[in-house]
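**Q** These are the residues of each chain, in order.
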Amino acid sequence: MKHFIFTIFTLFALILACTEPDKRVLPILGERDLVNGDTVYRSVPDFSFVDQDSQIVTNASFKDKIYVVDFFFIHCPTICPKVKANGLRIYQKYKNDPRVALLSHSIDVKNDTVAALKRHAQKLGVGKPGWYLVTGDHDAIYGIADDYFSVAVENPDAPGGFDHSGRLILVDRNRHVRSFCDGTDAADVDRFMQDIDILLAEQFGTR
Amino acid sequence: MNSFKTSLSLALALSVSLWFSGGCGQNTFREGERLYKTHCANCHMDDGIGLSALIPPLAGSDYLNKHREQLPCILRYGLSDTIFVNGKMYAEKMPGVPTLSEIHITNLLNFINNSWGNRNGVYRLEEVRAALEKCQ
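Going down the list, the sequences are from chains A and B. Going from the first sequence to my numbering is simple: count from 1 and add 951. Going from the second sequence to my numbering is simple: count from 1 and add 1.
Hints listed in this document are in silico derivations from the structure and should not be mistaken for laboratory results. Treat the hints with care, as some may be off.
Calculated cross-link-like contacts (lysine-lysine; reagent style DSS-like; alpha-carbon spacing at most 27 angstroms) [claimed, not checked]:
id: 1; chain 1: A; residue 1: K1044; chain 2: A; residue 2: K1074
id: 2; chain 1: B; residue 1: K38; chain 2: A; residue 2: K1074
id: 3; chain 1: B; residue 1: K67; chain 2: A; residue 2: K1044
id: 4; chain 1: A; residue 1: K1074; chain 2: B; residue 2: K135
id: 5; chain 1: B; residue 1: K94; chain 2: A; residue 2: K1061
id: 6; chain 1: A; residue 1: K1069; chain 2: B; residue 2: K67
id: 7; chain 1: A; residue 1: K1061; chain 2: A; residue 2: K1074
id: 8; chain 1: A; residue 1: K1074; chain 2: B; residue 2: K89
id: 9; chain 1: A; residue 1: K974; chain 2: A; residue 2: K1016
id: 10; chain 1: B; residue 1: K89; chain 2: A; residue 2: K1079
id: 11; chain 1: A; residue 1: K974; chain 2: A; residue 2: K1061
id: 12; chain 1: B; residue 1: K89; chain 2: B; residue 2: K67
id: 13; chain 1: B; residue 1: K94; chain 2: A; residue 2: K1014
Examples of chain B residues toward chain A, derived with CB under 7 angstroms [as the list claims (entries may be wrong)]:
id: 14; residue: S53
id: 15; residue: A54
id: 16; residue: I56
Beta carbons are placed, not taken as given, at the ideal position from N, Cα and C, and that holds for glycine.
Could you put together the complete structure from these sequences and hints?
**A** Take a look at the structure:
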């Protein structure tokens, strides 16, 4: 009998937990410094890249937006198509929402020219302002990858390196990394898309 | 003892015929499924649907039946051509997997031709071997 009551209670608690609206608050990820007694979170540094339409993309392009970052290359035989397929789900959900954008960096700066990026975007069926595909200076791209991932990766020495991690990273309006997921894992991306909604509510208020 | 032997050979015959008729559904092509996950699913996706205009689908692809003899060569040596799959054009590049053996290729082809609703029949090893000899 005790067991029975316990089971009913647990079930009830579960149902409550599942119907309760998501009240999670996303943490600010990454290192923090103490400046004059205040905690200051490291933020995404200044960047300047070129997108599929030959236009310059900087932090200002994402002013008043939250955005999703990833790293890829066009002739990637491994995980990139899966990450792109999941990115496409995010794109389709938010493409009419000017508050959300995707920013994909090519790590193959030699082959993924602006023209190649344009063609790739068209074949994927995506475009701006929902999805920016950018290229740029080799060191700048790899440098910013380090900046995003040193925040999102618990263990930067993980085998495989960041360029093949397939991670999607969520950045808020204040240039802080707030969430990330494994872009090859559809279930993890589902959870990540809930995080996007939570961040939207936090930074813009509910619609 | 004799009846044990008969039932054993009966069971064997049954499983062999089931294997060839594809009567066990997906499970029949376990080895092919494993190879698919390792070598193909990254691009063609777990459910064979491909990706936009970049990667053609295998699920429901009319290309499979129309190019039955070429498929073994495509798996081993890749494909970079302008092709039509279900009326849609693709002009992309697929890398081959040169290390695939004849048996691997047979298992893979049987999996993709009999999964996700595809019912394109099975390949025999001899057929795959003969096709591979004719690859350019």
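**Q** Are the hints correct? Go through all of them and say.
**A** Structure-based check of each hint:
{"no.": "1", "hint": "A:K1044 x A:K1074", "in the structure": "19 angstroms, holds"}
{"no.": "2", "hint": "B:K38 x A:K1074", "in the structure": "24 angstroms, holds"}
{"no.": "3", "hint": "B:K67 x A:K1044", "in the structure": "36 angstroms, violated"}
{"no.": "4", "hint": "A:K1074 x B:K135", "in the structure": "33 angstroms, violated"}
{"no.": "5", "hint": "B:K94 x A:K1061", "in the structure": "18 angstroms, holds"}
{"no.": "6", "hint": "A:K1069 x B:K67", "in the structure": "32 angstroms, violated"}
{"no.": "7", "hint": "A:K1061 x A:K1074", "in the structure": "20 angstroms, holds"}
{"no.": "8", "hint": "A:K1074 x B:K89", "in the structure": "12 angstroms, holds"}
{"no.": "9", "hint": "A:K974 x A:K1016", "in the structure": "21 angstroms, holds"}
{"no.": "10", "hint": "B:K89 x A:K1079", "in the structure": "24 angstroms, holds"}
{"no.": "11", "hint": "A:K974 x A:K1061", "in the structure": "45 angstroms, violated"}
{"no.": "12", "hint": "B:K89 x B:K67", "in the structure": "15 angstroms, holds"}
{"no.": "13", "hint": "B:K94 x A:K1014", "in the structure": "37 angstroms, violated"}
{"no.": "14", "hint": "S53", "in the structure": "5 angstroms, holds"}
{"no.": "15", "hint": "A54", "in the structure": "4 angstroms, holds"}
{"no.": "16", "hint": "I56", "in the structure": "6 angstroms, holds"}
Violated hints, in rising order: 3, 4, 6, 11 and 13; the structure is consistent with all others.
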